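*Asks:* This is what each chain is made of:
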Amino acid sequence: MDPENNQVSNPEIDNLIEKNYEYGFTTDIESETIAPGLNEDVIRLISKKKDEPQFLLDWRLKAFRHWSKLKEPEWGHLNIDKINYQNISYFSAPKLENAPKSLDDVDPKLLETYEKLGIPLHERAKLAGVAVDAVFDSVSVATTFKKKLLEAGVIFSSFSEAVKDHPELIKKYLGKVVPYRDNYFAALNAAVFTDGSFVYIPKGVRCPMELSTYFRINEANTGQFERTLIVADEGSHVSYLEGCTAPMRDENQLHAAVVELVALDDAEIKYSTVQNWYPGDEDGKGGIYNFVTKRGDCRGKNSKISWTQIETGSSVTWKYPSCLLRGDNSIGEFYSIALSNHHQQADTGTKMIHLGKNTKSKIISKGISAKKAQNTYRGLVTIAKNADHSRNYTQCDSLLIGDKCGAHTFPSIGVNNSSSILEHEATTSKISDDQLFYCMQRGINEEDAIGLIISGFCKEVLNELPMEFAVEARALLQVNLEGAVG
Amino acid sequence: MSTKKTLLSIENLDASIGDKNIIKNLNLTIHYGETHAIMGPNGSGKSTLAKALAGHPDCEITKGSIKYKDIDLLTLPVEERSNEGLFLGFQYPIEIPGLSNSVFLKAAINAKNKHQELKDVSATDFIKELKENADMMGINQSFLSRGVNEGYSGGEKKRNEILQMLMLKPTLSVLDETDSGLDIDSMKIVSKGINSMLGANTSSIVITHYERLLKYIKPDVVHVFHNGTIIKSGDHMLARELEEKGYEWLTNE
Ligand SMILES: Nc1ncnc2c1ncn2[C@@H]1O[C@H](COP(=O)(O)OP(=O)(O)OP(=O)(O)O)[C@@H](O)[C@H]1O
Ligand SMILES: [Mg+2]
Chain A
1 MDPENNQVSN PEIDNLIEKN YEYGFTTDIE SETIAPGLNE DVIRLISKKK DEPQFLLDWR
61 LKAFRHWSKL KEPEWGHLNI DKINYQNISY FSAPKLENAP KSLDDVDPKL LETYEKLGIP
121 LHERAKLAGV AVDAVFDSVS VATTFKKKLL EAGVIFSSFS EAVKDHPELI KKYLGKVVPY
181 RDNYFAALNA AVFTDGSFVY IPKGVRCPME LSTYFRINEA NTGQFERTLI VADEGSHVSY
241 LEGCTAPMRD ENQLHAAVVE LVALDDAEIK YSTVQNWYPG DEDGKGGIYN FVTKRGDCRG
301 KNSKISWTQI ETGSSVTWKY PSCLLRGDNS IGEFYSIALS NHHQQADTGT KMIHLGKNTK
361 SKIISKGISA KKAQNTYRGL VTIAKNADHS RNYTQCDSLL IGDKCGAHTF PSIGVNNSSS
421 ILEHEATTSK ISDDQLFYCM QRGINEEDAI GLIISGFCKE VLNELPMEFA VEARALLQVN
481 LEGAVG
Chain B
1 MSTKKTLLSI ENLDASIGDK NIIKNLNLTI HYGETHAIMG PNGSGKSTLA KALAGHPDCE
61 ITKGSIKYKD IDLLTLPVEE RSNEGLFLGF QYPIEIPGLS NSVFLKAAIN AKNKHQELKD
121 VSATDFIKEL KENADMMGIN QSFLSRGVNE GYSGGEKKRN EILQMLMLKP TLSVLDETDS
181 GLDIDSMKIV SKGINSMLGA NTSSIVITHY ERLLKYIKPD VVHVFHNGTI IKSGDHMLAR
241 ELEEKGYEWL TNE
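Chains A and B, in that order, give the protein sequences. 166 is the number that our numbering gives to position 166 of the first sequence; each next residue is one higher, with no gaps. 237 is the number that our numbering gives to position 237 of the second sequence; each next residue is one higher, with no gaps.
Everything labelled a hint here was simulated from the structure, so no lab data went into it. Don't take each hint at face value.
Ranges of calculated distance between the beta carbons of each label pair, as one might list FRET restraints [unchecked claim]:
(1) Glu117(B) x Ser412(A): 53 to 59 angstroms
(2) Glu460(A) x Lys218(B): 43 to 49 angstroms
(3) Ser180(B) x Ser412(A): 47 to 53 angstroms
(4) Lys218(B) x Asn463(A): 42 to 48 angstroms
(5) Glu446(A) x Gln141(B): 28 to 34 angstroms
Subject to a maximum C-alpha distance of 30 angstroms in a straight line, what follows is the list of computed DSS-like cross-link-like pairs (lysine-lysine) [stated by the list, open to error]:
(6) Lys188(B) x Lys459(A)
(7) Lys459(A) x Lys119(B)
(8) Lys176(A) x Lys50(A)
(9) Lys357(A) x Lys301(A)
(10) Lys114(B) x Lys430(A)
(11) Lys459(A) x Lys157(B)
(12) Lys169(B) x Lys5(B)
(13) Lys48(A) x Lys176(A)
(14) Lys67(B) x Lys245(B)
(15) Lys50(A) x Lys146(A)
(16) Lys128(B) x Lys114(B)
(17) Lys106(B) x Lys430(A)
(18) Lys128(B) x Lys106(B)
(19) Lys371(A) x Lys360(A)
(20) Lys146(A) x Lys48(A)
(21) Lys218(B) x Lys24(B)
(22) Lys430(A) x Lys404(A)
(23) Lys131(B) x Lys157(B)
(24) Lys128(B) x Lys67(B)
(25) Lys148(A) x Lys50(A)
(26) Lys188(B) x Lys218(B)
(27) Lys430(A) x Lys20(B)
(28) Lys131(B) x Lys459(A)
(29) Lys48(A) x Lys62(A)
(30) Lys459(A) x Lys128(B)
(31) Lys459(A) x Lys69(B)
(32) Lys404(A) x Lys203(A)
(33) Lys459(A) x Lys114(B)
(34) Lys385(A) x Lys301(A)
(35) Lys157(B) x Lys430(A)
Just so it is clear, the structure is predicted and the values come from calculations on it, not from any experiment. C-beta atoms are modelled at their ideal positions from N, C-alpha and C, and glycine is treated no differently.
Okay, chain B solo, but in the shape it has when bound (with noise of 0.2 angstroms):
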């Protein structure tokens, strides 16, 4: 693991919404190519670190540091860190009201291209590249010139944040409980979707609840989430352990 390179360091992080104080002394290093899954009980701050990974308004970073690829991250307005490769799939996907979701994601693309001086994105190749990925995740076409995720129902929304992700071609993907709400059908798509994106370059952020999505997407780590921070790292058995025992014998200790 030592030769890996780092594409994210957080150290000593502290960051609060309001003036909560959520996380609290976060330690956290991903290298490129690995999956990280964090699980912990709802309320501990996992929404939070996305959020602060994202650069999300609300959440004041009040100390510490996040690095990456070598860049100060929280320097970065929001916009630049998804140019610079960084995706939030949201936990609560947000509706747009009759933008269509083809058009967004054209102008997700060319401001991505643009932020590498490349050119807009050509409509025939946009266009393919749209329908490959749509069915991959299952998504009828007839959702693309609907409006972004406007009266999508739970489990659309989610596979719709992953062909999104497709399209932007992360470099890292912090994922916010993709897998809820999600039948077993949907989440076998949507795992096949995210691991199709995983590679000796790219890295990823799983959040999540349950064990069962961590059998189709191998975690490299698990981390378990508490009170803010990590309370406890371990592998895929970990993940076994939790949905056996509950967070109970970890946040008693």
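Only chain A is shown next, with the shape it has when bound in the complex (with noise of 0.2 angstroms):
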């Protein structure tokens, strides 16, 4: 069941929510982290803790407000432990206290897969949680390319930053294109977040460099309920880039993130993700359950979004990026790997819907499914009446290693305008024992020769990636599905 037309509300956790809170609320102000629990006054704590603006906390406590009538979705094809929202602690700063000292005081282990995966040494550190003030190459190498994006106009900080320095900006695109009403997360994120980035991107302007490939690093600890907002003006272009090969573990189970991306006239947003949160053991204990709402909004004629995943972490994925395609001519796509292993479950896919005339979507997708993993791509096409002469083009492949976990596809498309096209392909495949030995054949050992394969099978995705990063991704895949033959 689509957990976004859920809108019911359920007497269970309204009940909970009007109870007295039970575990007191003591926390004050100047202490780092809040009680868990969430009632009307920890939204107020957290806004009065980040000093926002009033239009801020009333929005939050709208949201919040609509949360609470909402019913927590039922979850087609996922098989998940229930969530309860009053355990979660909704504002602590990192934890410093354990950080290792150097790199001498980080797990091998881990070290070892950051060789597998190609990062480069300097950033190791900093991805292992080495102590920040230990690290100096990756500082500098931000001031740096800090410095050109100033001189280009465009702006790039951290959510919070930009309520301070441009509250404006916020106010007019905030909530915009994922209203706090849109889902249940988009609800809870709406009212508890607490940090993310904000990109503008200044008309005829084209961002001097991909974000965040040499930010990526910078951008830990952002929390769980976690915030972008990216506004391309007529006429530029930016290529934005979130997550990390490096696998990333978080104490916080649940994690919620909204994304809203716009693009007016002409311009051109490209967002990219590589996904590794922690999966969970082999048994699927322990994983974080990723439940992210992002959606582009093709606003202006000649717009372009696209976004590309590389989904291989979390014990539990549930997001569909999706492009409304309102400026005539726009164009929306979505390329995404989507990679389970163990006991993971990945419900994934886009919505594209089309409202303004000539417009285009296309839609990659590749589920790779391994153990006892489940992956599901769900995808809804809808043309609107007047979005005459549209078309979209998907191609939903699934590839099975094993036989005890499974691929399922649930397309949907609603047509409304007879002039648009539609196309649609499906396969299903597996890695076959004459592929494995055809390439140990030549000298190549079982593990890496399922490496190749998979990033065969995932090219047409893999080439979206900027050229650093679909290197590491390749790896990715590869480390990712470790054993998951034989």
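Since each chain comes alone in its own frame, lean on the hints to assemble the complex.
*Replies:* Right, here's the structure in full:
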């Protein structure tokens, strides 16, 4: 069942929320962590801690009140434990006391993984959580690039900074693409989000670099309720990359991020994600629940938004990066690789909503399942009555490794315009013993052979990634499939 | 011949696939520098022998031994046999969609280099050599970035096998019907490729149904395979005789 259509209130949760908070609400403003639990006071406190303008607090409270009335989604193809929202602490500063002092203190197994992924040396310390001041290289790199961005007029900052420095932009665009009413997790995120990123590309500017390839390691600890907003003004262009191939652990089990993109006339946004949150152990225990709402608004004519995602982590992934094709001639793209191993469950896909004339969308989805994993593609393409001559091309390929895993595809379409054309192709295949033998007869060991075959299967998506990242992503797929065969 | 060094020696070999015993008490010795042709009716076990040499998991060795370069070949995993210089040209080359030919070949060469404790091949050396060999095999540059054997015609697949062989420079190449499905020009090209490989330190086993190929590649020995074993060996005149008379005169004896 589609969780986004689930707006009925749940008396159980209503009760819970109306009940006086049993653990007592005692944390004061100076403390680094708010005691677990969620009510309006918690939200006021978050907003106060972040020194937010009134409009933002009001918006959070509206979102919270709305969320309180919603029923938790029921999961069609996902099998997950019930989440107790009152057990979560909604504000906590990063804990540093346990951080390793240098790379020598880091688990050698983790370093080995970095090696396999080909992560540059100077980034490893930071990734492994070595205390910040022990790291020098990356900081200076970041400063140089910040200067370059400034010269181009690009705003790229944390969400909190943007709220302070550019409240007018935040007010204008926040929640316009993903309203808090959108779904359960979007409402929750709007109520309690603590930070994230903000990008604004001015008219006619081509962002001089991939955003966040150089910054990715500075972005750790943005919290479990992250919010990203990217606005590309007329004729501008930006490529944004979030995430990291390095395995990410987090004490927080639930992650519910929201990403909003806005592309005005002739603007283009390319948004790439590599998600490698901790997937849980081999029995599926302890992994992260990743419930993300991502949506791009091709608001202007000739605008383009392209999503590329490599999803390999998390025990449960639920995300549908979507495009609202409002401007005439606008283009939406979705390139996805979702790999699930062991007990991982990935339910992902996209929605392409064609509203403008001559709008085009393209969906390339590659699902890989191994061991007992389940992989679901869920897609929706709708073509509105006035979206003359619109086109969609959808290709869904599934690759199964072993015979205990599963792949499911649920494409749905709604066409209300007779001049539009939709094409859909789907395949399911396996890595055959013959392919493995062929590679191994050429001297390639089994693990590398699987990696090569997978990278072939995912070629169209990997090609969309920035070059240096594609190499890491390829390695990532292979590392995550270690021991998947046999 | 007796002074020559032995590269491969198969003794009293039995091999089965599933429950079916296919190779039966096979004996075969190949010295460095020799080319052996194996002919024989369909289903006689020629490809099974190739699989047994390469270590295909379906093929179980139930009796006998195979020595290769003085190593007990049967103890080596598939990829190590390859890295030790054993190359199998497949009767039916496998397609790997999306994986570009050149990426695949580079991975294979680097695997071999690693095995020999050598550095990875440099991109420029690799590309130069790949181009030269592709030219010799009449393989268009565009094929190098296409998926491994993906959508190749039968003949293109076979030429691609030889291209891989040229790049990997094996000590022993086992070519399973590399000539079938080739047009006349391709046959010449493929033969040229094979001949360019042959030398004092390399050997090959050429499995074929046609004497034609043996006009281009002069085998030192021709073997007739029947019912999983060699029933007759001779020089290349034997191949001509087979071409004229078929196998019946041998199999009915
Ligand atoms: N996987 C298998 N399962 C069962 N039988 C098999 C299998 N592979 C091969 N065989 C059988 O083993 C026998 C030998 O097959 P093989 O492929 O070695 O013959 P061949 O001499 O190469 O024939 P051809 O000239 O047609 O290529 C055949 O009877 C074949 O059906
Ligand atoms: Mg055969």
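*Asks:* Decide, hint by hint, whether the structure agrees.
*Replies:* Evaluated hints:
The hinted range of 53 to 59 angstroms is satisfied by Glu117(B) and Ser412(A), whose Cβ atoms lie roughly 56 angstroms apart. Taking 43 to 49 angstroms as the suggested C-beta distance range, the pair Glu460(A) and Lys218(B) conforms, at roughly 47 angstroms. A hinted range of 47 to 53 angstroms holds for the C-beta pair Ser180(B) and Ser412(A), which are about 48 angstroms apart. Between Lys218(B) and Asn463(A) the CB atoms are about 47 angstroms apart, so this pair conforms to the stated range of 42 to 48 angstroms.
The beta-carbon spacing between Glu446(A) and Gln141(B), approximately 31 angstroms, falls within the hinted interval of 28 to 34 angstroms. Pair hint Lys188(B) plus Lys459(A) does not hold up; C-alpha atoms about 35 angstroms apart against a cutoff of 30 angstroms. Straight-line distance between C-alpha atoms of Lys459(A) and Lys119(B) comes to about 27 angstroms, which keeps the hinted pair within the 30 angstroms bound. Restraint check for Lys176(A) and Lys50(A): the C-alpha separation of about 22 angstroms stays at or below 30 angstroms, so the hint holds.
At most 30 angstroms may separate the alpha-carbon atoms for a hinted pair to count; Lys357(A) and Lys301(A) meet this at roughly 9 angstroms. Simply put, Lys114(B) and Lys430(A) have alpha-carbon atoms about 29 angstroms apart, close enough for the 30 angstroms limit, and the pair holds. Taking the CA atoms of Lys459(A) and Lys157(B), the gap is near 21 angstroms; set against the 30 angstroms cutoff, the hint holds. Proposed proximity of Lys169(B) and Lys5(B) is supported: the alpha carbons are some 19 angstroms apart, at most 30 angstroms.
The suggested pairing of Lys48(A) with Lys176(A) holds, with an alpha-carbon distance near 23 angstroms, which does not exceed 30 angstroms. Note on Lys67(B) and Lys245(B): the hinted pairing is violated, with a Cα-Cα distance of about 34 angstroms set against a maximum of 30 angstroms. The suggested pairing of Lys50(A) with Lys146(A) holds, with an alpha-carbon distance near 23 angstroms, which does not exceed 30 angstroms. Between Lys128(B) and Lys114(B) the CA atoms are separated by roughly 21 angstroms; this keeps the pair inside 30 angstroms, and the hint holds.
Under the criterion of a C-alpha separation no larger than 30 angstroms, the hint pairing Lys106(B) with Lys430(A) is consistent with the structure, at around 24 angstroms. A C-alpha spacing of about 12 angstroms is found between Lys128(B) and Lys106(B), which places the hinted pair at or below 30 angstroms, so the restraint holds. Only pairs whose Cα atoms come within 30 angstroms are accepted, and Lys371(A) paired with Lys360(A) is rejected, the gap being roughly 37 angstroms. Annotation: proposed proximity of Lys146(A) to Lys48(A) holds, straight-line Cα distance about 28 angstroms (limit 30 angstroms).
Our distance criterion of 30 angstroms between C-alpha atoms is met by Lys218(B) and Lys24(B), whose separation comes to about 27 angstroms. Using a Cα cut-off of 30 angstroms, the hinted pair Lys430(A) and Lys404(A) holds, with the two alpha carbons roughly 12 angstroms apart. About 17 angstroms separates the Cα atoms of Lys131(B) and Lys157(B), which keeps this hinted pair within 30 angstroms; it holds. Between Lys128(B) and Lys67(B) the alpha-carbon distance is near 35 angstroms, which puts this suggested pair outside the 30 angstroms criterion.
A hinted pair counts as satisfied when its Cα atoms are at most 30 angstroms apart, and Lys148(A) with Lys50(A) qualifies at roughly 28 angstroms. Our distance criterion of 30 angstroms between C-alpha atoms is met by Lys188(B) and Lys218(B), whose separation comes to about 13 angstroms. About 27 angstroms separates the Cα atoms of Lys430(A) and Lys20(B), which keeps this hinted pair within 30 angstroms; it holds. Taking the CA atoms of Lys131(B) and Lys459(A), the gap is near 23 angstroms; set against the 30 angstroms cutoff, the hint holds.
Restraint check for Lys48(A) and Lys62(A): satisfied, since their Cα atoms lie roughly 16 angstroms apart, inside the 30 angstroms limit. For the proposed pair Lys459(A) and Lys128(B), the alpha carbon gap of about 24 angstroms is at most 30 angstroms, so the pair holds. Distance check on the hinted pair: Lys459(A) and Lys69(B) sit about 39 angstroms apart at the alpha-carbon level, beyond 30 angstroms; violated. For the hint linking Lys404(A) to Lys203(A), the alpha-carbon distance of about 52 angstroms lies beyond 30 angstroms, and the restraint is violated.
Restraint check: the Cα-Cα separation between Lys459(A) and Lys114(B) comes to about 26 angstroms, which is no more than 30 angstroms; the hinted pair holds. Simply put, Lys385(A) and Lys301(A) have alpha-carbon atoms about 18 angstroms apart, close enough for the 30 angstroms limit, and the pair holds. Between Lys157(B) and Lys430(A) the alpha-carbon distance is near 22 angstroms, which keeps this suggested pair within the 30 angstroms criterion.
Figure legend: structure checked against the earlier numbered hints; hints not met, in rising order: 6, 14, 19, 24, 31, 32.
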